[in-house]
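Turn these sequences into a full structure, and let the hints steer you where they fit.
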Amino acid sequence: MHQEHWYLEGYLGGDNLLRRIPIRQFPFRIGRDSELDFMIPGSKVSRQHAEILRDGNRLLLRDNNSTNGSFVNRQRINGEAELHHGDVLHFGDTDLRLIRETIKKSMEQTQRQAAVGEHPALSDKMPTGIRELQELLQKRMVMPAFQPIVDAITGATYGYEVLGRGTHPGLPPNPGGLFRIAESVDSLSLHLSQLFREIGIATAARFNSSARFFMNVHPDELKYARLLLLQMERLRRDYPAMALVLEIHEKAVPKLSDMKKICRELEGMNIRLAYDDFGAGQARFIELIEAPAHYLKFDMSLLQNIDTAPDAKRDMVQSLVNLSHKMQIITLAEGLERREEVECCQAMGFDLIQGYYYGEPTLGSL
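Residue numbers (our numbering): 466 to 831.
Please note that a few of the clues may not be correct.
Capping the alpha-carbon separation at 27 Å, the derived lysine-lysine pairs in BS3-like fashion look like this [as the list claims (entries may be wrong)]:
#1 LYS725 / LYS791
#2 LYS778 / LYS791
#3 LYS726 / LYS716
FYI, nobody ran anything at the bench for these hints, they're computed from the structure.
Structure representation (structure tokens):
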């Protein structure tokens with residue numbers, strides 16, 4: 466037996482928290498009038514702006530001749546428009562996403578499934594495309610990309626950062642755009658990050674390379690570290706001979722006790738650890754000392770135009786490189802594009818370099 470429930474979801478109340486409003490009856494009336502099912506304050510919303518109707522198995526949005534109109538996925542509707550789960554509705558300055566939840570009940574278990582998302586919204590707060598993103602995840606519509614990491618002195622290939630691109634025709638290929646959509650729904654960023662790693666490592670394994678492969682972690686995954694470590698266990702079991710490195714962004718590093726546990730478990734799997742984008746925010750020196758990584762990736766914001774940077778900045782970077790070497794941490798300079806930047810980082814003693822100067826990410830091959 467299935468039970469279907471509909472909700473409106475949005476950032477309401479001025480505290481930037483995502484809230485859900487259940488649609489308990491039809492028609493579901495929306496407007497500025499406080500007696501309606503959902504009241505939206507503000508002069509840009511009419512008193513009885515619009516209503517959501519049920520027509521058999523279909524849901525419809527009807528605009529009640531409002532002054533500023535009602536929009537579905539950026540398109541102003543004329544009279545009525547059919548709705549689907551994941552559509553983004555816009556009334557005045559408020560955008561809301563329509564969510565359908567199906568609860569499947571059996572004698573032994575209750576399984577809850579949610580489906581949300583669609584085309585670009587009028588507001589940046591409520592990205593659309595979740596429905597397409599769920600299809601991307603189900604059909605594994607991603608392609609790996611690999612960017613070389615080289616020895617700073619010899620230029621020989623040391624490893625590759627495992628990146629990814631989406632291949633769904635209705636979504637941006639860039640991972641930044643995909644993660645922005647995924648982050649608006651609980652747990653989807655975890656699934657997307659896992660898929661990028663899984664496809665990336667499976668593809669890399671076919672080349673039988675002895676290089677090290679650096680895998681990215683989405684910050685949300687550190688909230689569910691057990692799931693992340695379980696995937697690392699599976700990857701190690703499936704690819705026992707591959708040299709793997711897990712990159713954790715310095716801003717996402719959890720509390721020290723949790724980070725120490727992650728370090729121990731990765732060590733037991735023979736998976737190395739890198740702190741990524743070091744220096745992009747607050748440098749996490751305590752974690753660097755108490756839960757040291759094998760690699761420290763210096764953020765490109767520290768190193769762009771380092772050759773012409775003030776002496777104070779170069780001295781700071783140099784001291785961080787020296788400290789890392791004292792702790793036997795391998796240093797990696799990210800985002801270098803010019804020969805002068807490379808030469809400056811070589812002079813500072815960086816061990817590894819990554820950036821367009823040595824190669825852009827290549828799709829599907831090393």
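* Find the hints from earlier in the document that the structure breaks and name them by number, from lowest to highest. => Going through the list in order, the structure violates no hint and respects every one.
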